[in-house]
Amino acid sequence: AQTVTQSQPEMSVQEAETVTLSCTYDTSENNYYLFWYKQPPSRQMILVIRQEAYKQQNATENRFSVNFQKAAKSFSLKISDSQLGDTAMYFCAFSGGSNYKLTFGKGTLLTVNP
Amino acid sequence: EAQVTQNPRYLITVTGKKLTVTCSQNMNHEYMSWYRQDPGLGLRQIYYSMNVEVTDKGDVPEGYKVSRKEKRNFPLILESPSPNQTSLYFCASSPILSNQPQHFGDGTRLSIL
Numbered sequence: 001a002q003t004v005t006q007s008q009p010e011m012s013v014q015e016a017e018t019v020t021l022s023c024t025y026d027t028s029e030n031n032y033y034l035f036w037y038k039q040p041p042s043r044q045m046i047l048v049i050r051q052e053a054y055k056q057q058n059a060t061e062n063r064f065s066v067n068f069q070k071a072a073k074s075f076s077l078k079i080s081d082s083q084l085g086d087t088a089m090y091f092c093a094f095s096g097g098s099n100y101k102l103t104f105g106k107g108t109l110l111t112v113n114p
Numbered sequence: 115e116a117q118v119t120q121n122p123r124y125l126i127t128v129t130g131k132k133l134t135v136t137c138s139q140n141m142n143h144e145y146m147s148w149y150r151q152d153p154g155l156g157l158r159q160i161y162y163s164m165n166v167e168v169t170d171k172g173d174v175p176e177g178y179k180v181s182r183k184e185k186r187n188f189p190l191i192l193e194s195p196s197p198n199q200t201s202l203y204f205c206a207s208s209p210i211l212s213n214q215p216q217h218f219g220d221g222t223r224l225s226i227l
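Chains A and B are the protein sequences, given in the same order. For the first sequence, the numbering used here gives the first residue as 1, with consecutive numbering after it. For the second sequence, the numbering used here gives the first residue as 115, with consecutive numbering after it.
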């Protein structure tokens, strides 16, 4: 069974600074996908970024980028130039195998301070 | 607009009173799934469906039922709700194609008294 661990329950950062959220996972699958979802106070689940395990290049979406270390089973999210609207719960998620299930970490609550 | 629609958004009810949370998607997705979100536990899968008339249990299926009679709809049924089913529920859908990202509904907050 897959597991996803987010070791930082809460983090804070000053506006315009950079912050990194950690995520590790465990799996015996060779082909899988990793995601970061953002959940603002509105409760919506918003996809931030996605990484295919077979791709060595780290995914980037504007101010969001990942550091994917396949051998270490690590998938951290870096947010550059943090904005107040980045304040949210962030979930790391894993998808692999035949049932397309998303296995989520417990989340990291990020607060961006003015 | 492509979306997953859940209803109701909020519901307060009592133990034992059957309820259904509806989920509908307009993207012709084969895959649909229900998750529950509890503080400190993240989201956990309840049931999923790979296509019409094909459903299977996720990690926490006890106390829930689902059906998939049409491709667009995937209702979650609580036959006899109990207080431990008080939670935030999400429906999600995706195509069955190289693990495309799942699209989530806006969530349903259920309180069982």
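What the hints contain is simulated information worked out from the structure, not anything from laboratory work. Careful, some of the hints might be misleading.
Unchecked claim - Calculated pairs, BS3-like style, for lysine-lysine (alpha carbon to alpha carbon, straight line, at most 27 Å):
1) A:K106 - A:K78
2) B:K179 - B:K131
3) A:K55 - A:K70
4) B:K179 - A:K106
5) A:K70 - A:K106
6) A:K106 - B:K131
Claimed, not checked - Stretches of chain B that chain A covers, calculated by requiring three or more beta carbons in the stretch to come under 8 Å of a beta carbon on chain A:
7) 148-162
8) 197-210
Stated by the list, open to error - Far from chain A by the CB rule (all over 12 Å, computed), these chain B residues:
9) V118
10) K132
11) M141
12) D170
13) D173
14) P189
15) D220
These numbers come from a predicted model, not from an experiment. We treat Cβ as the ideally placed atom computed from N, Cα and C, and that holds for glycine.
These are the hints, each one checked on the structure:
no., hint, in the structure
1, A:K106 - A:K78, "18 Å, holds"
2, B:K179 - B:K131, "14 Å, holds"
3, A:K55 - A:K70, "10 Å, holds"
4, B:K179 - A:K106, "25 Å, holds"
5, A:K70 - A:K106, "21 Å, holds"
6, A:K106 - B:K131, "30 Å, violated"
7, 148-162, "holds (count 8)"
8, 197-210, "holds (count 5)"
9, V118, "10 Å, violated"
10, K132, "25 Å, holds"
11, M141, "14 Å, holds"
12, D170, "7 Å, violated"
13, D173, "8 Å, violated"
14, P189, "19 Å, holds"
15, D220, "6 Å, violated"
The structure shown violates the earlier hints numbered 6, 9, 12, 13 and 15.
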